[in-house]
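2 protein chains.
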Amino acid sequence: MKPLTLPPRLLMGPGPINCYPRVLSAMSTQLVGQYDPVMTAYMNEVMALYRQVFNTQNQQTLLIDGTSRAGIEAVLVSAIEPGDKVLVPVFGRFGHLLAEIAERAGANVHTIEVPWGEVFQPEQIEQAIRQVQPKLLAVVQGDTSTTMLQPLEHLGEICRRHDVLFYSDATASIGGNPFDTDAWQLDAVSVGLQKCLGGPSGSAPVTLSERFVEVVRKRQHVEAGIKDAHHHDAAGSRIRSNYFDLPMIMDYWGEERLNHHTEAATMLFCARECAVNLLEEGQQAVIARHQHAGNAMLGGIQAMGLQPFGDLNHKMNNVVGVNIPDQVDGEAIRHTLLHRFNIEIGTSFGPLKGKIWRIGTMGYNARQDAVLHTLQSLETVLRQQGFGLVAGAGVDAALKIYDEADQ
Amino acid sequence: MKPLTLPPRLLMGPGPINCYPRVLSAMSTQLVGQYDPVMTAYMNEVMALYRQVFNTQNQQTLLIDGTSRAGIEAVLVSAIEPGDKVLVPVFGRFGHLLAEIAERAGANVHTIEVPWGEVFQPEQIEQAIRQVQPKLLAVVQGDTSTTMLQPLEHLGEICRRHDVLFYSDATASIGGNPFDTDAWQLDAVSVGLQKCLGGPSGSAPVTLSERFVEVVRKRQHVEAGIKDAHHHDAAGSRIRSNYFDLPMIMDYWGEERLNHHTEAATMLFCARECAVNLLEEGQQAVIARHQHAGNAMLGGIQAMGLQPFGDLNHKMNNVVGVNIPDQVDGEAIRHTLLHRFNIEIGTSFGPLKGKIWRIGTMGYNARQDAVLHTLQSLETVLRQQGFGLVAGAGVDAALKIYDEADQ
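Chains as they are written, first to last, in our numbering: chain A, 3 to 409; chain B, 3 to 409.
Isolated chain A (complex conformation):
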């Protein structure tokens, strides 16, 4: 068998993206045992690190072993008892995903929608909360399908006033855009590593407020195979999933160290390194780096004569949608970029399929050189297809935006 041989792609799509080299190195660390004091100390350290990443004091801040949607499902299936009402404001594909996962967990799901490319006003969400009176509000912060960033800062107060649990999935936005769990009064947050945190997919950090923990603890049921005489089941209905049972997962991460899954140690080392990388560079500095890269990419795209997609006042820092001009073949452009330039940009889903490209500037790739190479290459490929543009305009605009940011 040939050894693994991968081309050196520059991943400038909506994620996954290239990992930070130090994150890759951490993943080749040899293991220790599951209950080795060295391992449990690293588990505790990871909890502390992600409290900083999430800007929270929540004790229950831990990893779900799976991709980002594993984190979503763990939060929803643990909180939702069949028939519970859940409100999901949908402004892109991942809103549909939250609704779908909540439905499968047995929820009575109500959605409100805005056209793809827009976000919600807090009043729209409050009005829906009044009508629906849900147990839980589930909303995506950044939806890569549309590149929009839903403002969350006013929603926590509304949820508290109406006694609604407030959950957000911030997989696509965390690390590249401000996120403040406690100040925004969030009760549950789930994320992934494969966007601005600069890791691979496969681990889903979550944080849970005390209010949220109280709700899920009412459904605590310990596994038969490890149950001792001192374990008593709670009165609430048993959570429909064993793998995503947050009370059991909390007891594995907590002082009880009650056996559940075998922690995916390599992904834990990876998640640790993603957090250390963010915190050592500084959360504000990393967000600013994403903002500069995003601005330069946007400016370059516009200078090339391309039209960005959606409401630019609510664009995520880390990804831009680009309307594919009528006269070019969007998939042929992507194909040439990949196969001749080793650069990947993204296509889109659902109503935007074939209509926009999505170009990301995330994590390790929120870098000036990555932005400049991508703009130059896109320009070259567009020129080859006969698209009318001023040669050099895109990259020059990006250089200028970087120069101004440096002053």
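To be clear, the hints were calculated from the coordinates, so they are not data collected in a lab. Backbone N, C-alpha and C define an ideal beta-carbon position, used for all residues, glycine too. A hint or two may mislead.
List of simulated lysine to any residue pairs, SDA-like, C-alpha gap at most 20 Å [stated by the list, open to error]:
id, chain 1, residue 1, chain 2, residue 2
1, B, Lys137, B, Pro117
2, B, Lys357, A, Leu260
3, A, Lys229, B, Lys357
4, A, Lys229, B, Pro353
5, B, Lys4, A, Asn46
Far from chain B, by Cβ distances over 10 Å, these chain A residues were calculated [what the hints assert, rightly or not]:
id, residue
6, Ala107
7, Val116
8, Gln133
9, Ser147
10, His156
11, Gln222
12, Ile335
13, Phe343
14, Arg369
Which bits of chain A does chain B cover? Going by a derived footprint, with three or more residues having C-beta under 8 Å, they are [said to hold, decoys possible]:
id, segment
15, 8-15
16, 34-41
17, 58-65
18, 193-203
19, 233-244
20, 267-281
We have chain A; now place chain B onto it with these hints.
Below, chain B without anything else, positioned relative to chain A:
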């Protein structure tokens, strides 16, 4: 922050164990995009490799992104509609786990039990099938909690005769003991990497027969956010989990390449390397290596005057249970082995908690030197605690068993 700094433990417990160095190296490989033809080619290659690992022709052979119990839950929640009858023969902790996961999926679960340390006769299982008439039989092959290996070779024929789906979790045994999916007429198998395959926890290979696929396809529902006009929902009830929805996962791994999760690329590289390592050394050779290491460890334990646990005719090759002698403090022994010798051995669960140690010889650690160091160190620590034994007897017995195996 200090860089990751882990002590060089020799992991001789029931798993996780030390990874093969080549597996660790593979995990520091930089990524390509999710739909990059290089990535999808590796996904196809991994499917082909695991068909060899499982000894099957099953097209649907793929990875579930999560730990081994994620694979269990994907199989069970996709197959079981609420009220379906499931039969679980329980001979240790992981039988209880299968029952528990099936119950949470809504099954009407029937269990039969033998004392920990024993396995079932096929007739016992057939009798229960006659009584219960289940939709599915779920049985663990190797249960590390007792070190027992349930023979499976006669159960497939029984299941076909009674029109029952036959599922086994072989996480603890695959790679170190014979496993033959097609010859044994299994309909679904799930495993993990962290035992004899020599990887970390975090990816769960599964294989599904056509018969099984037909059952779960009846419940196919495509996600709203990516649904096109040509997608039609099947008549069966929607699967209760999005993350573990096997029809959607199959369409992501299949030619449809319909977006579901973002494949955990690093864990895929890791799973690939685990399989390549097994197949390059040769499945029979690896099983023989586990058998020799297991025999040498058992012989050494017995020569030291310790009593192995359970029915030795049905012991897994890769782990032995050792009755903790009355006069020694089992946890103190484990503590000294870990902190002075950097060797980890295991404790146990439930009825065996505090009564046996579990000593593994798995994957990379199914090696002569690992066996010899462990026996010598255990002897030294037992002597220090005043346990009467003939110095050198354990390691000498193991050396002799290795010498005889070489002839």
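Right, here's what the structure says about each hint:
no.: 1; hint: B:Lys137 - B:Pro117; in the structure: violated (25 Å)
no.: 2; hint: B:Lys357 - A:Leu260; in the structure: holds (18 Å)
no.: 3; hint: A:Lys229 - B:Lys357; in the structure: holds (17 Å)
no.: 4; hint: A:Lys229 - B:Pro353; in the structure: holds (10 Å)
no.: 5; hint: B:Lys4 - A:Asn46; in the structure: holds (15 Å)
no.: 6; hint: Ala107; in the structure: violated (7 Å)
no.: 7; hint: Val116; in the structure: holds (15 Å)
no.: 8; hint: Gln133; in the structure: holds (21 Å)
no.: 9; hint: Ser147; in the structure: violated (7 Å)
no.: 10; hint: His156; in the structure: holds (26 Å)
no.: 11; hint: Gln222; in the structure: holds (13 Å)
no.: 12; hint: Ile335; in the structure: holds (15 Å)
no.: 13; hint: Phe343; in the structure: holds (13 Å)
no.: 14; hint: Arg369; in the structure: holds (15 Å)
no.: 15; hint: 8-15; in the structure: holds (count 6)
no.: 16; hint: 34-41; in the structure: holds (count 5)
no.: 17; hint: 58-65; in the structure: violated (count 0)
no.: 18; hint: 193-203; in the structure: holds (count 4)
no.: 19; hint: 233-244; in the structure: holds (count 5)
no.: 20; hint: 267-281; in the structure: holds (count 9)
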